[in-house]
Amino acid sequence: MRCVIIGNGASGTHAMLSLLTHTPQTEVILVTDDEPFFYSRPEITRLIEDPTALKHLEMPLPGEVQRKLKLVHQHVEGIDPRQGKVYLGNHEPLSYDTLILSTGAEPKPVTVIGVPKERILTLRTARDALRIASFLKDARQPVVLGGGLIGLKVAHTLTLMGMPPRVVVSSPRILSRTLDTESASKIQALFEAHGVTFHLGITLKSADWDGKKRQGILRTKRRDKIPFDILLVGKGVSPRVKLARNAGLLIENGGIAVSESMETSFPHHYATGDCASIFNHETGRYENRPIWPVAAESGRVAGEAAAGKLISGRRFSTPVPRNAIPFFSVPVVSMGTVTGDTLKVTSYESANGSVRRTFFFNEGKLSGATLIGDITHAGLLFEAIRRETRLRKLPDWLLQGIPSLAGGTPPMEVLFS
Amino acid sequence: MREIFFIPDRCLPGCNACQMACVGEHLKNKGVLSPLAGLPFPKKVRSQPAENTIKTPRPHPVRCLHCDPPRCVEACLSGSLIKNPEDGRVGNNVEQCIGCFMCVVHCPFGAIIPLPSEQISIKCDGCLWSKAPACVRACPTGALIFVEPQTYNEKLKMKDRFRKRKIQPAKLLPARV
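Chain order of the listed sequences is A and B.
Going by this note's numbering, 754 is the number at position 312 of the first sequence; the sequence numbering is gapless.
Going by this note's numbering, 150 is the number at position 143 of the second sequence; the sequence numbering is gapless.
Note that these hints are calculated values from the structure, not bench results.
For every residue, glycine included, the Cβ atom is placed at its ideal position computed from N, Cα and C.
Among these hints, one or two may not hold up.
Here chain B is said to cover these stretches of chain A; the calculated rule only asks that three of the stretch's residues, wherever they fall, bring their Cβ under 8 Å from a Cβ of chain B [said to hold, decoys possible]:
| hint | segment |
| --- | --- |
| 1 | 729-738 |
| 2 | 767-781 |
| 3 | 821-830 |
Full structure from sequences and hints, please.
Put into structure tokens, the structure is as follows:
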């Protein structure tokens, strides 16, 4: 059997690993135009700081997998699911029995009237990060568009480089989807203490660009003026489905529609990771959640399904949003649903204000949590959110993050008995 | 796959030999005295006082259960957590770890400990390179044993049976492995 995997992200790598683990005799060909073959995409902001750090980002593969795997460094022009062929950039067709599409996502395009295209930089691959690093050599006033996790991660890196940027956010606060209002203001204060300036609730109108000085001024609808010489965009991603759409696969909510075994509308064609949309039985529609652990899990499921070794307990579950990220050595974790008017909120803040733990309840069930400064029991909480555990009262050790339970039962038994 | 099991009624309170051995084993010089220099000790939870055997709760180490599929490995952004395909154990290469704490969020047992000051997270790796984990080797009373889960279950059943006959139960489990 020959299996072709398109894409080298988390999902492609994990699909390849699980396929080769379950059926070592399969011929696996991985096609990508990205370089290097296996690296940590969420950590590419490190390349902006130090372009030589690429070797640290590369992910180690087991030796046996490296021997069996075939790598093709080519751009994919198109796929023909009826004949089972992939057309590569050099117009050579590559036939397959099973295809796993992990084409990932691409940054949402942003245009600001008056700013030259090459001065608006997005971040997705190692190549993008190296390009930003080369532009930043002569930059003095970088501006980051977007106050989400990507935008703040870029702002964090620039601050560590001694170049605190201005962050322009369209919503009235930062991390509006990830954190609650109080926790977000805490993170904002942390960034401001390091010299980052925030412009909140801003709608960009146009910009004046001086080509000789290589500087410009952003104009907003409220007639503010923000000086800049480089624009870094961190405004989220949209699935890359051009190949699948041209091939006639079903597209739902912007992503390739897949079943619980990650199979698309064509048999033996799987889609994994950021480019796939899975049906959520609670909301009744297809959802796409572009985060690394979800991509890795979907890749593992697709690999097992392609190998014919998928059992019911290991199928892909509806992904719960979660993210963990340290800003200036302060760990920040966000899990589950944390925004909404109907949620009941319980929070704990330490005396010196360095720790804030907020919990969200929906109809007596734990629906989400945000932890700042102290992430003790984060794993237990995520499991409780995933299982929609009903809690009458939040125990103190969970609320305050006390690691050892003097005289109590082990945490797992309290929550899930 | 053999696992570490804890027998609370054999544990000496305040002994801490298992924690010292764990820190010493994971240092480069394998020093015995270095753990005393204030390095972080492995995490413990306190177990519930069991009927008949122990009166007060005793602390015991939180250990990795080496799940299949391991969620921490799928969540790891840096590739420092790796599942060994041969024996199914999950190992942690701390030098590769970047301290993103995604694994901490994904471990349902709380077995991965974040160290934000060091920008790493650590977990029990079962001392993959040695015959038995350091904590088991260091335990003076045999409260920690390293056996197959099946063996442990069989011994527990035997223990229950003999307890009804009022025979000392601790002698039935292997003293040291």
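Given coverage of the segment 729-738 of chain A by chain B, tested with a Cβ cutoff of 8 Å and a minimum of 3 residues: Result for this restraint: holds, n = 3.
Chain B over the segment 767-781 of chain A, status - at least 3 residues with CB closer than 8 Å: holds (count 7)
Claimed coverage, the segment 821-830 of chain A by chain B - three or more beta carbons nearer than 8 Å: holds (count 4)
Checked against the numbered hints above, the structure violates none of them.
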